[in-house]
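Chemist: Listed here are the chains, written in short residue letters.
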Amino acid sequence: MSALELNNLSKSFGGLHVISDVSFKVMEGERRLILGPNGAGKTTLFNLIAGDLAPSFGTISLAGEDVSALPTNRRAARGIGRTFQILTLFSGETVIRNVVLASLGRTSRRWKPFGSLDADEEFRASAMEILRTVMLDYIADKCVSETSYGERRRLEIAMALAQQPRLLLLDEPLAGLSKEERKGVEGLLNALPRSLTVIMIEHDMDVALGFADRIALLQNGKLLVDGSRDEVIADPRTKEAYLAE
Amino acid sequence: MFWITGLFNSLAFAAVLFLLAAGFSLIFGLMRVANLTHGAFFMLGGYLATSAIGAGFWIAIVAAGAGCALLGGLVQHLLVQRLAGRELAQVLGTLGLSFIVADQCLLIWSGDPISLAPPAFLQGAARLGMFAFPLYRLFLIVVAAFVAIALWLVVERTTLGAKIRAAVDDREMARATGIPVSRLFTVVFCLGSALAGIGGALAAPVLSVYPGLDTEMLPLALLVVILGGIGSLAGALIGSVLIGIIYTFGQILLPDLSYVILFLPMVIVLAVRPEGLLGRQAA
Amino acid sequence: MKTVGIIFITAIACILPFLLPGNFYLGIATQILVYGLFAVSVNTLAGYGGMVSLGHAGFLGIAAYAYAVTSGTYGFSPWIAVGAALLIGTAAAAVFGLIALRTSGLSFLMITLALGQIVWGVAFRYTDLTNGDNGISLGRASVISADPLTLYYVCLAVLALVMVLLAAFIRSPLGAAIKGVRDQPRRMSTLGYNTWAIRYVAYLVSGFVATVSGILYVQIFQFISPHALSLTVSSEAVLMVIAGGIGTLFGPLLGAGVVVLLKNVASAYTDRWPTLLGCIFLFIIIAMPEGLLPGSKRILAGMIGSFRKGAAPSASLQPTSRAR
Numbered sequence: 001m002s003a004l005e006l007n008n009l010s011k012s013f014g015g016l017h018v019i020s021d022v023s024f025k026v027m028e029g030e031r032r033l034i035l036g037p038n039g040a041g042k043t044t045l046f047n048l049i050a051g052d053l054a055p056s057f058g059t060i061s062l063a064g065e066d067v068s069a070l071p072t073n074r075r076a077a078r079g080i081g082r083t084f085q086i087l088t089l090f091s092g093e094t095v096i097r098n099v100v101l102a103s104l105g106r107t108s109r110r111w112k113p114f115g116s117l118d119a120d121e122e123f124r125a126s127a128m129e130i131l132r133t134v135m136l137d138y139i140a141d142k143c144v145s146e147t148s149y150g151e152r153r154r155l156e157i158a159m160a161l162a163q164q165p166r167l168l169l170l171d172e173p174l175a176g177l178s179k180e181e182r183k184g185v186e187g188l189l190n191a192l193p194r195s196l197t198v199i200m201i202e203h204d205m206d207v208a209l210g211f212a213d214r215i216a217l218l219q220n221g222k223l224l225v226d227g228s229r230d231e232v233i234a235d236p237r238t239k240e241a242y243l244a245e
Numbered sequence: 001m002f003w004i005t006g007l008f009n010s011l012a013f014a015a016v017l018f019l020l021a022a023g024f025s026l027i028f029g030l031m032r033v034a035n036l037t038h039g040a041f042f043m044l045g046g047y048l049a050t051s052a053i054g055a056g057f058w059i060a061i062v063a064a065g066a067g068c069a070l071l072g073g074l075v076q077h078l079l080v081q082r083l084a085g086r087e088l089a090q091v092l093g094t095l096g097l098s099f100i101v102a103d104q105c106l107l108i109w110s111g112d113p114i115s116l117a118p119p120a121f122l123q124g125a126a127r128l129g130m131f132a133f134p135l136y137r138l139f140l141i142v143v144a145a146f147v148a149i150a151l152w153l154v155v156e157r158t159t160l161g162a163k164i165r166a167a168v169d170d171r172e173m174a175r176a177t178g179i180p181v182s183r184l185f186t187v188v189f190c191l192g193s194a195l196a197g198i199g200g201a202l203a204a205p206v207l208s209v210y211p212g213l214d215t216e217m218l219p220l221a222l223l224v225v226i227l228g229g230i231g232s233l234a235g236a237l238i239g240s241v242l243i244g245i246i247y248t249f250g251q252i253l254l255p256d257l258s259y260v261i262l263f264l265p266m267v268i269v270l271a272v273r274p275e276g277l278l279g280r281q282a283a
Numbered sequence: 001m002k003t004v005g006i007i008f009i010t011a012i013a014c015i016l017p018f019l020l021p022g023n024f025y026l027g028i029a030t031q032i033l034v035y036g037l038f039a040v041s042v043n044t045l046a047g048y049g050g051m052v053s054l055g056h057a058g059f060l061g062i063a064a065y066a067y068a069v070t071s072g073t074y075g076f077s078p079w080i081a082v083g084a085a086l087l088i089g090t091a092a093a094a095v096f097g098l099i100a101l102r103t104s105g106l107s108f109l110m111i112t113l114a115l116g117q118i119v120w121g122v123a124f125r126y127t128d129l130t131n132g133d134n135g136i137s138l139g140r141a142s143v144i145s146a147d148p149l150t151l152y153y154v155c156l157a158v159l160a161l162v163m164v165l166l167a168a169f170i171r172s173p174l175g176a177a178i179k180g181v182r183d184q185p186r187r188m189s190t191l192g193y194n195t196w197a198i199r200y201v202a203y204l205v206s207g208f209v210a211t212v213s214g215i216l217y218v219q220i221f222q223f224i225s226p227h228a229l230s231l232t233v234s235s236e237a238v239l240m241v242i243a244g245g246i247g248t249l250f251g252p253l254l255g256a257g258v259v260v261l262l263k264n265v266a267s268a269y270t271d272r273w274p275t276l277l278g279c280i281f282l283f284i285i286i287a288m289p290e291g292l293l294p295g296s297k298r299i300l301a302g303m304i305g306s307f308r309k310g311a312a313p314s315a316s317l318q319p320t321s322r323a324r
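Chains as they are written, first to last, in my numbering: chain A, 1 to 245; chain B, 1 to 283; chain C, 1 to 324.
To be clear, the hints were calculated from the coordinates, so they are not data collected in a lab.
All of these numbers come straight from a predicted model, not from anything done at the bench.
A couple of the hints might just be wrong.
Stretch-level coverage of chain B by chain C, calculated; a stretch enters the list once three of its residues show a Cβ under 8 angstroms from a Cβ in chain C [said to hold, decoys possible]:
{"id": "1", "segment": "142-153"}
{"id": "2", "segment": "222-233"}
{"id": "3", "segment": "244-258"}
{"id": "4", "segment": "269-276"}
Distance condition first, Cα-Cα at most 30 angstroms in a straight line; then the derived DSS-like pairs of lysine-lysine [stated by the list, open to error]:
{"id": "5", "chain 1": "A", "residue 1": "K112", "chain 2": "C", "residue 2": "K2"}
{"id": "6", "chain 1": "A", "residue 1": "K239", "chain 2": "A", "residue 2": "K179"}
{"id": "7", "chain 1": "A", "residue 1": "K222", "chain 2": "A", "residue 2": "K239"}
{"id": "8", "chain 1": "C", "residue 1": "K2", "chain 2": "C", "residue 2": "K297"}
{"id": "9", "chain 1": "A", "residue 1": "K239", "chain 2": "A", "residue 2": "K25"}
{"id": "10", "chain 1": "A", "residue 1": "K142", "chain 2": "C", "residue 2": "K297"}
{"id": "11", "chain 1": "A", "residue 1": "K179", "chain 2": "A", "residue 2": "K142"}
{"id": "12", "chain 1": "A", "residue 1": "K112", "chain 2": "A", "residue 2": "K142"}
{"id": "13", "chain 1": "A", "residue 1": "K142", "chain 2": "C", "residue 2": "K2"}
The beta carbon of each residue, even a glycine, is placed where N, CA and C say it ideally should be.
Here chain A stands alone, though its shape is the one from the complex (with noise of 0.2 angstroms):
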């Protein structure tokens, strides 16, 4: 079954289409690679799919579920994480205050009028581990506004995992990343379950295509090549698309 299906998806922002009749298919475990010039539209793909934006037309199905009317929210609960190419942090807490939010966020104790957060022993457990798969808990009782830029990036992706999500969105995890810091991001991905769905948008093409299993290349909103890695890297409007930029 597929884990997300994308059906005629279109967006317009007044007369502006940033999104043309986009189609395709995720399978359950996939790993998909959204390629594109700027301005192409995928961070407007993925905020049409994690729910921030409403498509104009088109479907939009989670694991066989149409998910095209649902708020973010409830797009989450049905296991859609994401992080964001601009850093989107509670800069002002500590490192585990993020990652328990995070996990917070998909149990119903959310809702808790009472009991402190901070003495929760099983949310600081499991947001402990989860900082131990990025390689964030020497730091995470400090404050994230001093921690490093590398260190956030990270942090980025520890939110969308303590969300245990069944399709990962990841926006750019290596903007802006030194040499040094883009191999720890990359070993961070390749350790990723395989069992989970992920779609990526990168520019670092040497981390984004060791990683993919399917390309997805969209150009002006448009779907212009779709289909295994090889064959995309193949396909003569993947390099003519990446020329004209």
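Using the hints, position chains B and C against chain A.
Modeler: For chains B and C alone, coordinates are given in the frame of chain A:
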């Protein structure tokens, strides 16, 4: 008969509301500053006009507009600009200032309502068949229409307007292309404040001027702007007419609850279009 | 350290009536408790929820009028009136919240101001119910107690109870979610939180606390008129919050103390309270936007000779921009 007269009075009130709300909306749209001194400027304009009326009606109106423009410029220069980028601080600053302005008005002009006689040529009524329309209210409607057209022309057709629109769309880009954004802000702040002052002066013969007029009119202007859509001139016009009609008929039909029925348009519009009737949808 | 401070302040508050020279000062102390509670309600929304309301006096007024009409006009017992006021005040918050939360940021502020003024207008114009500008006076029999000392302790007890509950609420998962929505609404919805509902809860809690303060208000003054609902009162509460330190638990109480004392001292010398209020507003916003305590510390440190610049003073005054 009742409906026609009521509608006419609604439009006259809407005209006053428009003068008040257009300035607020202009400033808000351009600078993202909710200038809560606006209601106080309206009242101050009324008071200035009652004091300057000895020199003639037109001079009184101009004095009210000029006085408020000057004060508005000072507010922008000394307060709003200093707090640039701090939205909440700007709002609360203008709120604090509105208390000072209103209190000083009370000190200068005392607590009694002051009424203003319309000029001789605008006294009396125009007869149309069985209807009699007070000339002065007719005049208010004409002035508001004139101001609406003039504002539209300025914003849409002049270089100043083009600069304003550019600065609204993208402040940094406008600054980069050499548009003197902060001077532009001062101009707009003066213009908006002048409109409030003129509105207060023109409304004085109908509403008279009294302490508390500011806090009575400010929420109406906010409603107009919220309903019409922030920063939209046409929205301010539609909102003014809507609130003018509802408020005027409300006072005639349900005097006890004339305020409560102001909920109605607000609830309906916000339910359907939270950004206001002609507001721009956030991307 | 903090616990010691709280115990110390609580102890002082408990014996305060015996330190004060007379009922006039006791009355002022009681006013501080009531306005403090009102400021706490504004802070719940503004400080933790990131939504600044300029119409909160509406809730104080609705509760006070509901109480005055039930117990005064219709002659029900004070406790039934308390129940009615709690119900009506909270119901009003539930309705207003639905309207105001259609927007955010400055539009939210404008809508709450308009809503507050609409309530004020009703109190002013609907004379059959509210007796208009003259207000409603309550006899001794219509309030829980008319004894100043009892009133002081009732207000203190209610305030203490609300503070304890609120402190627990803020530390709870839901409280953390409210702060999360204030700081990163987009991330919160991505994490599965219903941001609208969380804001609505914050609005309801805040409206409920304001309702409680309205009930206390009408107890200590035995009188309610449209003036209690005016924009000035809403603004004073916002001033108390920013003066004391927005988003801190005890800041609003400190702010209430300062503003109520200033107001009473000033009234002995001048009728120009609004002008003074406006000046304090401007002073706080320009000179110490982070609140009186940290602000004074910073300025003092500056005067002592450290030329290091303090932390960016804008941080504490930007919840609306963060919430947008």
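Chemist: Against each hint, give a clear statement of whether it holds in the structure.
Modeler: Hint check results:
Figure legend: the segment 142-153 of chain B, annotated as covered by chain C; annotation inconsistent (0 residues with Cβ-Cβ distances under 8 angstroms, at least 3 required). Check on the segment 222-233 of chain B: 5 of its residues sit with their Cβ under 8 angstroms from a Cβ of chain C, so the three-residue criterion for coverage holds. Counting residues of the segment 244-258 of chain B whose beta-carbon sits less than 8 angstroms from any beta-carbon of chain C gives 4, enough to reach three: the coverage restraint holds. Only residues whose C-beta sits within less than 8 angstroms of a C-beta in chain C count toward coverage, and the segment 269-276 of chain B has 3 of them, enough to reach three; the restraint holds.
About 26 angstroms separates the Cα atoms of K112/A and K2/C, which keeps this hinted pair within 30 angstroms; it holds. Distance hint between K239/A and K179/A is fulfilled; the C-alpha atoms sit about 25 angstroms from each other, no more than 30 angstroms. With a C-alpha separation of about 16 angstroms, the suggested pair K222/A and K239/A falls inside the 30 angstroms cut-off, and the hint holds. For the hint pairing K2/C with K297/C, the CA-to-CA distance comes to about 18 angstroms; that is within 30 angstroms, so the pair holds.
A C-alpha spacing of about 23 angstroms is found between K239/A and K25/A, which places the hinted pair at or below 30 angstroms, so the restraint holds. The hinted pair formed by K142/A and K297/C meets the criterion: a straight-line CA distance of about 26 angstroms does not exceed 30 angstroms. Our distance criterion of 30 angstroms between C-alpha atoms is met by K179/A and K142/A, whose separation comes to about 24 angstroms. With a C-alpha separation of about 26 angstroms, the suggested pair K112/A and K142/A falls inside the 30 angstroms cut-off, and the hint holds.
Only pairs whose Cα atoms come within 30 angstroms are accepted, and K142/A paired with K2/C is accepted, the gap being roughly 22 angstroms.
Hint compliance for this structure: hint 1 alone is broken.
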